[in-house]
Structures are given as structure tokens and as C-alpha cells.
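Colleague: Chains as they are written, first to last, in the numbering used here: chain A, 2 to 127; chain B, 492 to 800.
Worth double-checking, as some hints may not be accurate.
Label pairs and their computed distance ranges (CB to CB) [said to hold, decoys possible]:
id	chain 1	residue 1	chain 2	residue 2	range
1	A	Glu-61	B	Arg-669	13 to 21 Å
2	B	Arg-557	A	Phe-59	49 to 57 Å
3	B	Glu-670	A	Arg-111	28 to 36 Å
4	A	Phe-59	B	Asp-663	27 to 35 Å
5	A	Asn-64	B	Gln-530	51 to 59 Å
6	A	Phe-63	B	Ala-655	19 to 27 Å
7	A	Asn-64	B	Pro-501	22 to 30 Å
8	A	Ala-69	B	Glu-498	51 to 59 Å
9	B	Glu-666	A	Asn-99	14 to 22 Å
10	B	Leu-607	A	Ala-69	37 to 45 Å
11	B	Lys-616	A	Cys-17	22 to 30 Å
12	A	Glu-34	B	Arg-669	31 to 39 Å
In case anyone wonders, no lab produced these hints; they're calculated from the structure.
These numbers were taken from a predicted model, which means no experiment stands behind them.
In this text, a Cβ means the ideal position worked out from N, Cα and C, and glycines have one as well.
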Amino acid sequence: MLPPHAVFHFPWELNCLGEGKSVRTFGRLSCYEADTSRATLSCQHASKEHHVFVRTSFVEPFNPIIGAQYLVLGETETYEGFGVMICARVLSCVDGVNIALLQKAIEGQRSFFRERDSFGGGGQHR
Amino acid sequence: MQADAMEEPPSILWGLDPIFSAFARLYIQDILQMTESVQIPGIYFYNSHPIYKVDVLGTVVYKRERDNFFCYGVDDGTGVINCLCWKGELLKDKDDGTGTAPAPSDPGVFDPVVELKKLKQAQQKRCRLEIGELLRVRGSVKTFRQQREISASVFYKVDDPLMAVQIQWMMDVPELYRECYDKTFELQSDGHGESAGTPLIKATNLIKDFIKQKSVSRFRPYDVQDLLQPLIFNQLRAASAEPEAAGPSGCQQLRQLLKEVLQILQDEGVVYRRVKAQDEVYHVTEQDKDLLIAVKDIIREDSKREKCA
């Protein structure tokens, strides 16, 4: 009944994930094709431009602001020769977000989980 | 390492854990995995902390509305949980404020009908959420039909266009875990005869008691040194079980403890030194007749002045 939780990933990590993973990621809206319900989010990292392809069928209509930062939440789908596309359940404009701080927060959270898991399930009371 | 899952602290001691009375900001993953207490159902345990109320912030990914409540599925990135959000009286009205806006009221004229309509609209705005919006929920954890859910006591939509609130939350929660939730809270009742406290506290009390009982007006450190001997002796005896390690000798530990205790007593004002010299003489404030006379003289002098009369 409830959808699976969407874990934060960076745009450059998506290609390693398989099919059907619930993810949350972000990027600048660089292109939107309303007729095919496809959007592209872009992100600069390590002097390379990364693209996130998004299927927007479930979040339309939305007001596309080209160049604005967006947050997308959805499931990964793999297409032959195309790579990974996210079927969006949530697409929100977060223009003005401090991307560096967001990245730091995500990494901080990840390192906390790693720390906790390395203590053998740490505080978890099973 | 991990306590046996069946070993719960007795329920009478749960109130001693400060986290028990707080809305714990746990990750939804942890809320879903907490074990339920065998003593009192409805209370859950995270790392030996008894928990029954939580505080979550997450994206609405599921919504169900009934006459009396909203059921929002909230996703914080680690898990998804149902939040049962009861509708207040204003929200239950079928005549919701999504229709025409109230006519602008005359400033200075208070029209209760118009104000009530505005209030209803404001409430609707804060409580009626769509998928993708950010929700803050504070409430108690319940298990309903084998599913864990949160019964909200407070819930509202969070306006977070720049993700500042979510980012702050993501940075705060690991700190809370490190400082509070992941620290085991010892809820053992003290069965020992000796009073609880570190050696420092015990030592301070020992010297205070001695000064009081013997009506000491002044002393030098070596006069009271022997009082602390038993404390050091106990420490050494406990440490002797472990292999020999290079560390401070009994004598040095004693001198160090004495030094710390005298500093604490000075800070509290129980003792003081008139002259900073090699010869450490400590005067006990309460017993010091000279000090009392000096203070009385000062007060007398000051009272003679006109403004203090």
C-alpha cells in the first residue's frame, strides 16, 4: 500500500543503480518535452556534466522553469541503450537551494549510517 | 554488547530517561524497527530507551482522506510510515474555504463570520497536503493491524522552497543520535550502599563534613589529606586486578585529588586563602570570625553614607 522509501542519491550515482530503485535526486531543468513527457535535469560534478532523465507522466501538469533547480522522487527504469530514467512521483522546484550544503547534509547522513552499521547494528534494538 | 532483547528495564524507571518525555526525532526506519515493550504495549524501545512519541519530517507520498482524518504516508528517505492526522472541528465542515475568498473586511470592524472563514482557510492550507509536499508530524507511535503508524497530536505543512528546513533536519538528526539516542541509558536502580558519585564528589563531601563536624576554622592541605586516603585505596584496589600499567602512583593520585577538591571548595566559597604563598593555609568561610567582623565594618561604614541610610 505504501510506496518504498526513496533514498537520496547524487545525479552521478544513478547509472550504477538497477531497475526499480526508489530514489530522490536533484538537478537543473535543462530540457522538457511535454509531448513525450520527458524532462532532463543536469548537474555539474568533477568538471563533468551529468544528466538525469525523468519521465513526468505522473506529475503533469507542472510549470517548467528551464534553468531552475528541481528535486525529483521516483523509481528508476532502465532502457536499452538509453540508460536510467526516473519515473517521477514527485517533482518540485527548489530553485535557490544551496546545493553544496545539500550535498554536505547527504554525505553527513551517509557517514552516520556507515558508522552505525560498522558497530554491528549499533544502537538498534532488534 | 547488545542487551538481550528480553531484558527491559522495569517500567517504573522509564520516566528517568529524558528521551521518554520528549518527541524523539528518530529516523522512520528506526521507528518501524523498534521493538515493542513486553511490559506495557504501546511503548517501544530504541537502544534501551523507552519511546512512545516521535517527531518526523518528510515528503507526503501517499494520501487518504476520510471524514474525520487524513492518513498521510510520510517518507524521510529512510522509511515510509502512515501518519494518522485527525481533523479539527474547523476542517470537518463540508463547507470548506476553497470556494470564494471572504470579502475584504472593513479595517476596524471585526466581523466574526469573516474571521472564522479566514481561520478555516488558513487551517485548510496547513493541514490539507498533496503528494510531494513536506509534512511535519509530532505524535505517538501506535501499532494498528500489525502496521506501525503515528497518531499525530500536531501536524502541519512545511513551506520549504529552498530545502533549508530539510537540510537542517538532515544535519541535526545524526547529531541527536550521537548525543542522545545511541547512548545507552543505564536505568539500573542503585543497589550499592555507598552514595552515587564520582570520587571527586565523594571527596568533596568528605572534607566538607569533616570541616563542619570539627568546627575547623583553618587548615593546611596535609591536615585533610588522610581523609581521602580510603578513596584512593579503593581505586587502587579496583585497578590492581588489571595488569600493571604505568600510571600515577597512589601518592600522586591522592595529591591530585586533594588539589581538585580544594579548588572546588574554593570555587563554591566554602574555603578561601587570604595570602597566596608557598604555605597554603585555607580558611573556612563560615568559621572565620575576622572575615565576619570585616564584612560588618564595611556594611557599617557604607550605611553611614547618606544614600544608603
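Colleague: I'd like to know which numbered hints this structure contradicts. Please list them from smallest to largest.
Modeller: Numbers 1, 2, 3, 7, 11 and 12 - these are the hints that the structure violates, sorted from lowest upward.
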